[in-house]
Amino acid sequence: MRRFTLIAVPYLWLLALFLVPFLIVLKISLSDYALSIPPYAPTLDFSAGWQGIKDLMSKLDFENYVFLTEDALYWKAYLSSLKIALISTVLTLLVGYPIAYGMARAAPEWRPTLLMLVILPFWTSFLIRVYAWMGILASEGVLYQFLSFLGIVDEPLKILSTNTAVYIGIVYTYLPFMILPIYAALEKMDDSLIEAAEDLGCSRMSAFWLITIPLSKSGIIAGCFLVFIPTIGEFVIPSLLGGSDTLMIGKVLWEEFFSNRDWPVASAVAIILLLILVIPIVLFQRNQQLQREAEG
Amino acid sequence: MKTKLMTMTAVTALVAGVAGAEEVRVYNWSDYIDESLLEKFEAETGLTLVYDVFDSNEVLETKMLAGGSGYDVVVPTGSFLQRQIAAGAFQKLDASKLPNKGNLWSVIEERTAQYDPANEYSINYMWGTTGIGVNVGKVQEILGEDAPIGSLDLIFNPANMEKLAECGVHFLDAPTEVIPAYIGEDPDSKDADVIEKAKPVLQAVRPYVAKFHSSEYINALANGEICVAFGWSGDVLQARDRAAEAENGVEIAYNAPSEGALMWFDQMAIPVDAPNPEGAHKFLNFIMDAENMAAASNYVYYANGNKASQEFLIEDVIGDTAIYPDEATLENLYTFSPYDPRLQRTVTRMWTEIKSGV
Numbered sequence: 296m297r298r299f300t301l302i303a304v305p306y307l308w309l310l311a312l313f314l315v316p317f318l319i320v321l322k323i324s325l326s327d328y329a330l331s332i333p334p335y336a337p338t339l340d341f342s343a344g345w346q347g348i349k350d351l352m353s354k355l356d357f358e359n360y361v362f363l364t365e366d367a368l369y370w371k372a373y374l375s376s377l378k379i380a381l382i383s384t385v386l387t388l389l390v391g392y393p394i395a396y397g398m399a400r401a402a403p404e405w406r407p408t409l410l411m412l413v414i415l416p417f418w419t420s421f422l423i424r425v426y427a428w429m430g431i432l433a434s435e436g437v438l439y440q441f442l443s444f445l446g447i448v449d450e451p452l453k454i455l456s457t458n459t460a461v462y463i464g465i466v467y468t469y470l471p472f473m474i475l476p477i478y479a480a481l482e483k484m485d486d487s488l489i490e491a492a493e494d495l496g497c498s499r500m501s502a503f504w505l506i507t508i509p510l511s512k513s514g515i516i517a518g519c520f521l522v523f524i525p526t527i528g529e530f531v532i533p534s535l536l537g538g539s540d541t542l543m544i545g546k547v548l549w550e551e552f553f554s555n556r557d558w559p560v561a562s563a564v565a566i567i568l569l570l571i572l573v574i575p576i577v578l579f580q581r582n583q584q585l586q587r588e589a590e591g
Numbered sequence: 007m008k009t010k011l012m013t014m015t016a017v018t019a020l021v022a023g024v025a026g027a028e029e030v031r032v033y034n035w036s037d038y039i040d041e042s043l044l045e046k047f048e049a050e051t052g053l054t055l056v057y058d059v060f061d062s063n064e065v066l067e068t069k070m071l072a073g074g075s076g077y078d079v080v081v082p083t084g085s086f087l088q089r090q091i092a093a094g095a096f097q098k099l100d101a102s103k104l105p106n107k108g109n110l111w112s113v114i115e116e117r118t119a120q121y122d123p124a125n126e127y128s129i130n131y132m133w134g135t136t137g138i139g140v141n142v143g144k145v146q147e148i149l150g151e152d153a154p155i156g157s158l159d160l161i162f163n164p165a166n167m168e169k170l171a172e173c174g175v176h177f178l179d180a181p182t183e184v185i186p187a188y189i190g191e192d193p194d195s196k197d198a199d200v201i202e203k204a205k206p207v208l209q210a211v212r213p214y215v216a217k218f219h220s221s222e223y224i225n226a227l228a229n230g231e232i233c234v235a236f237g238w239s240g241d242v243l244q245a246r247d248r249a250a251e252a253e254n255g256v257e258i259a260y261n262a263p264s265e266g267a268l269m270w271f272d273q274m275a276i277p278v279d280a281p282n283p284e285g286a287h288k289f290l291n292f293i294m295d296a297e298n299m300a301a302a303s304n305y306v307y308y309a310n311g312n313k314a315s316q317e318f319l320i321e322d323v324i325g326d327t328a329i330y331p332d333e334a335t336l337e338n339l340y341t342f343s344p345y346d347p348r349l350q351r352t353v354t355r356m357w358t359e360i361k362s363g364v
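These protein sequence lines map, in sequence, to chains A and B. Quick note on the working numbering: the first sequence kicks off at 296 and runs consecutively. Quick note on the working numbering: the second sequence kicks off at 7 and runs consecutively.
These are computed hints drawn from the structure, not numbers from a lab. Keep in mind that a hint or two might mislead.
[To be verified] Sample of chain B residues lacking proximity to chain A, with all beta carbon distances greater than 12 Å (derived):
{"#": "1", "residue": "A124"}
{"#": "2", "residue": "P283"}
{"#": "3", "residue": "D295"}
[What the hints assert, rightly or not] Facing chain A, according to a computed beta carbon distance under 10 Å, are these residues of chain B, among others:
{"#": "4", "residue": "E50"}
{"#": "5", "residue": "L71"}
{"#": "6", "residue": "K98"}
{"#": "7", "residue": "V215"}
{"#": "8", "residue": "P281"}
{"#": "9", "residue": "G325"}
[As the list claims (entries may be wrong)] Listed below are the simulated SDA-like cross-link pairs for lysine to any residue, each with C-alpha atoms no more than 20 Å apart in a straight line:
{"#": "10", "chain 1": "B", "residue 1": "K69", "chain 2": "A", "residue 2": "A329"}
{"#": "11", "chain 1": "A", "residue 1": "K322", "chain 2": "B", "residue 2": "A72"}
{"#": "12", "chain 1": "B", "residue 1": "K217", "chain 2": "A", "residue 2": "M429"}
{"#": "13", "chain 1": "A", "residue 1": "K453", "chain 2": "B", "residue 2": "K144"}
{"#": "14", "chain 1": "B", "residue 1": "K217", "chain 2": "A", "residue 2": "G545"}
{"#": "15", "chain 1": "B", "residue 1": "K217", "chain 2": "A", "residue 2": "V320"}
{"#": "16", "chain 1": "B", "residue 1": "K46", "chain 2": "B", "residue 2": "E284"}
{"#": "17", "chain 1": "A", "residue 1": "K453", "chain 2": "B", "residue 2": "A72"}
This structure is a prediction, so every number in the text was calculated from the model and none was measured. Each residue gets a CB set at the ideal place from its N, CA and C atoms; glycine is no exception.
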């Protein structure tokens, strides 16, 4: 009995927070637009009981998915989101790894402070921090003032409302999610392995490539997924920092939902996005499992 | 289990209490009221006012169509109101609870009847035009003294826009406001082929538009970050005042385009599922009070649909033809009715194509 309860809890969690919302969205994606509250038809009539469910089922179709394949906008938006997510993940890794490495190499009494500094930005609302970037990157914003004070630039900056600003925003926002897992992996590493490698004739550089990187692999993979997955569907950063030509699926979803008021098509877009994300998530799970087996 | 049930009951009671009779929840456009009026309403009625803001009709409409928004008073624009009435989103107003309704201006009521026949679901809050806000100094510096600041030629002629791009141009991110502006034929046309004619015109100037956004241009104009905005009359005039207050040397002017301008009406209505319709009526009646309505207009620089309020309006508002147009301009204004869903999709798609090139 106790064992059953133990297993039931996570499954109930999954059922309530993943499966039920998923089924609701799936159902809407198979419905049709209607001018009513809510703005789609058919809706489930509970009072009609089983017959109501049967009626509902007979009216659902895949029309909205077919529609998505007919317009280039959608696959272009998916591709563009994938591209932005991939580039941001690589950039975040390039910035995050040295920071995590530095933290793990720092004197042990300093580490809690450094860790604190990485987490500290979370104390301010994410939205406010993105707005702050608007002030920094604006054509005559803080960054421009600073650079022109140093005499580096003399023309107003053209960063805000471009994809560059989106990359800066994403790298800044998701950096802690990259640093923390890598730091966790590096901190566990045994220093004597590096010493051994150097004793055996490795240069510092090759010891880093042959020992440190492979041992922090799990942290790198975890960090990359934590950055990549939320970035694909990102809406706030591209809409605040990006230009009108920044094409991301989050914005397309918003337009389907708000401008067209077409919840069924919006739901179909969301379901496809989910399917795209399921692939890396499954890979991630697999990796975690392999790692556990290797450790166990 | 029992404790859980008790907690749930407590939470339900709490939620019910919050949304109960003591509160009125109003959802209005951003920068759209003199906030001292909110305190005055609370003081006069003893009700607690929760005041939230939005900056696009689309966001409001989605909340209305989802149902259960929890708001008692919302402020959609006419063409959106019409569709939301059709969807059954609003309740009819109870005229017996609105003694100030006699203050309304029949000239405006006649026009709003296009969206809300007999005006039984809504009252007019503000109305205005969609036009061009310019930083006069910068635009004249770039295009010369005779820059066409009162004409659509300023923003739809690529030759002008190419030069203006260096000082910054914003457009409203509202396809139903921008696309009709340059159809050339009937702006209220519901013919897809006619609407399609706006596309090449907008695409030609698209490279020179820094941003499509429906509220950022107020501050951007005021602090000199941009020099031209295609936006709403009162918002541009607010930018003018913010710049004057800041004494930053920026001089802003608003013009309804001489070729014709869109005239729109923001209507206050009560959602069908409003938790406190009683309080909502009190709020509408409070707003329709001549002095209150005048205070709001004097603050936001939009004309209102309240005849009695006009004697309390400052000269800057009632005497400004950008706000209260003279007869000649009034004739040049057109109104807009909603697209059907299929056409709406075509227009949204076209808008995305114009903005992002895809």
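Checked against the structure, which of the hints given earlier come out wrong?
4, 6, 8, 9, 15 and 17
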